[in-house]
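Take a look at the letters that make up each chain.
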Amino acid sequence: MNSERAAAFAKSILAQPWGLWWLQARRLVRMELRRNLFSLKAWWIYFLALAPTAILLVHLLFERHPGFALTDDTNVLAAIVQFYYIRLGVFFACLSIFSRLIRGEMIERSLHYYLLAPVRREVVLVAKFTAGSISALLLFGSAMIADFALVYTAFGAAGQEYVFNGPGLSQLEAYLFVVALGCLGYGAVFLLLSMILRNPMPAAMLVLLWEFINPVMPALLQKISVASYLRHLMPITVPGEGIFALLTVQTEPVAGWHAALGLLALIAVILAYSCVRIRRLEIRYLTE
Amino acid sequence: MTAMSDRILFEDVSKFYGEVLGVNRVSLNIPPGVTTLVGPNGSGKTTLMNLMTGLVQPSSGQLSVLGITPADPDRFFRQVGYCTQFDSFPRRLTGWQFLFDSLLLHGMSEPDAFRLAGEALERVRLGDAASRRIESYSKGMRQKIRLAQAIAHHPRVLILDEPLNGLDPMARADSLALFQELSRLGMHLVISSHILDEVDRISDRVILITGGYIVAEGDIHQVRREVRDKPMQVLIRCDQPELLASRMFTSNHCVEARLHADGKGVFLRTADIDEFYRLLNRIAVEGLVSIDAVAPADDDTLAIYQYLIGSDGSPS
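Chains V and R, in that order, give the protein sequences. 1272 is the number of the first residue of the first sequence in my numbering; add one for each residue after it. 206 is the number of the first residue of the second sequence in my numbering; add one for each residue after it.
Bear in mind the hints are in silico, worked out from the structure with no lab data behind them. For glycine and all other residues, C-beta sits at the position ideal for the given N, C-alpha and C. Keep in mind that a hint or two might mislead.
Coverage of chain V stretches by chain R, computed from C-beta distances (three or more under 8 angstroms per stretch; other residues unrestricted) [unchecked claim]: (1) 1444-1450; (2) 1486-1495.
Result set (SDA-like, lysine to any residue): computed pairs, CA atoms no more than 20 angstroms apart in a straight line [unchecked claim]: (3) Lys1282/V to Pro501/R; (4) Lys435/R to Gln445/R; (5) Lys435/R to Tyr512/R; (6) Lys435/R to Pro501/R; (7) Lys1312/V to Ala1296/V; (8) Lys435/R to Ala476/R; (9) Lys1494/V to Leu1480/V; (10) Lys435/R to Phe454/R; (11) Lys344/R to Glu1379/V; (12) Lys344/R to Pro295/R; (13) Lys1494/V to Arg1358/V; (14) Lys1494/V to Ile1541/V; (15) Lys1312/V to Glu461/R; (16) Lys1312/V to Ile1378/V; (17) Lys344/R to Met1302/V; (18) Lys1312/V to Asp503/R; (19) Lys435/R to Glu340/R; (20) Lys1312/V to Ser1381/V; (21) Lys344/R to Phe1354/V; (22) Lys1312/V to Ala476/R; (23) Lys435/R to Arg338/R; (24) Lys344/R to Asp277/R; (25) Lys435/R to Glu480/R; (26) Lys1494/V to Arg1548/V; (27) Lys1494/V to Tyr1544/V; (28) Lys1312/V to Ser293/R; (29) Lys1312/V to Glu340/R.
With the hints as extra help, turn the sequences into a complete structure.
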């Protein structure tokens, strides 16, 4: 009996119009990417992603410090990723991108066009999330690669050796992986917050505070944090001094794959719950 | 096709926004043709339309359009087009892009979307402005592009919330002609409008709503006949209106007479329309008065609105 039910369930799943949903999702992603990346509002996200790149470029062109060692700049790059990109740049860019996906459309009174199209709401949500993720990844991934190139270009042949014959490329891979997971993790959190709350900003500030104090929390609470998962994936541990000491507290060690899977599971749960919420979503612009 | 699969059905549908009533226990069975939703501001017209299209969900009851519910959007929105009242659009799109993108979401091929977008733009006479950004459109043009988007995919049901708002008289006439044409093709058109006299001309039936309650629904003439406490008014064009009025007053169902401004007709009010027409026939046969035309003067939507809802929006 159970096997018959399972077979019927599997048959009904396979009978769904997956091809149509895939086509619709691809088209939605294309439209959303156009809006995310080529609108005037996107300047803020470009700024957040490219600010360190611009500073590194200025240093390279005008303020080269020949006395600096390669290891110092390697630490500087790690600090940029850990303290700036993860805690500020990716955080605020994702807040801007992902809270706009649904809530922003509500505020601009244009969400109903998506809900009146012959597209499942879950497809709309997943496509919007995907487009937001691609936008964030494109910008921050490109910025990360540019930062990496600028840091090691300054060291000439030694830099080249470090990148191609040393640990450089694997560090770059790890940074890109960390940034990608950061975009997905914060993206999912802010998408959900923007669906639950009319104004997600105060909640986002609480998340920021939580992420800041999370390293000194008990081990169980540390698991409810995007940054704590990412910290375990960093290829280099940044030595902390002053205020940064709080952010570099040594927490319970977690295997890299465990941290990545934990974060991906968190993202999956949040997206599944968001799909449930969008099914019940009503258009009531007057109360927004 | 079953009988019910060509209907818009509401079964005891209620919608509450928190403690505020949207609509209460609405049951409707709407056949194809033009149906006008009439009611004062805040009466529940837009709520009914939003319920029909799943933009809001019923607190209780069930509804379906052509046998499909909005919970099945893949099928539902191929059959339904909704021109909302919301005067807003995705940013930075031209009229053409707006239509083309909407059609692509149906899953159709790009050449098909291209053809249908062009066709819809021509239908609303907006072809010249297609390449301009919607932000630069006038209110009337924005109304037209919303209408184009609602009809572009050739739906069988078209729901139009105040579709004549912001249109100049020429554009209103064009839109009404388009609605009539679509109705003739067997489509459902559900229209809410404040411009009652114009919508009245193309409307097959009317739904009167106030305070979230359906006050009356059906064919306009039938609804008028059911409003028995308001004597019906008939205009009779004839050569001797005074004589006709005096003869009609010999019957006690005639309650009011008023001469037409041109002196070639008389408005008569009667509490018994069947008896009224019998008496009028007798007078015509007698040949004392030469009757040119007889027409009901108050069985239009506006009159029914005033009788049933009143000018203050509360049922009278």
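Hint check:
no.	hint	verdict
1	1444-1450	violated (count 0)
2	1486-1495	violated (count 0)
3	Lys1282/V to Pro501/R	violated, 61 angstroms
4	Lys435/R to Gln445/R	violated, 26 angstroms
5	Lys435/R to Tyr512/R	holds, 7 angstroms
6	Lys435/R to Pro501/R	holds, 13 angstroms
7	Lys1312/V to Ala1296/V	violated, 23 angstroms
8	Lys435/R to Ala476/R	holds, 7 angstroms
9	Lys1494/V to Leu1480/V	holds, 15 angstroms
10	Lys435/R to Phe454/R	holds, 18 angstroms
11	Lys344/R to Glu1379/V	holds, 17 angstroms
12	Lys344/R to Pro295/R	holds, 16 angstroms
13	Lys1494/V to Arg1358/V	holds, 16 angstroms
14	Lys1494/V to Ile1541/V	holds, 15 angstroms
15	Lys1312/V to Glu461/R	violated, 67 angstroms
16	Lys1312/V to Ile1378/V	holds, 15 angstroms
17	Lys344/R to Met1302/V	violated, 25 angstroms
18	Lys1312/V to Asp503/R	violated, 55 angstroms
19	Lys435/R to Glu340/R	violated, 48 angstroms
20	Lys1312/V to Ser1381/V	holds, 16 angstroms
21	Lys344/R to Phe1354/V	violated, 49 angstroms
22	Lys1312/V to Ala476/R	violated, 66 angstroms
23	Lys435/R to Arg338/R	violated, 51 angstroms
24	Lys344/R to Asp277/R	violated, 33 angstroms
25	Lys435/R to Glu480/R	holds, 16 angstroms
26	Lys1494/V to Arg1548/V	violated, 24 angstroms
27	Lys1494/V to Tyr1544/V	holds, 19 angstroms
28	Lys1312/V to Ser293/R	holds, 18 angstroms
29	Lys1312/V to Glu340/R	holds, 16 angstroms
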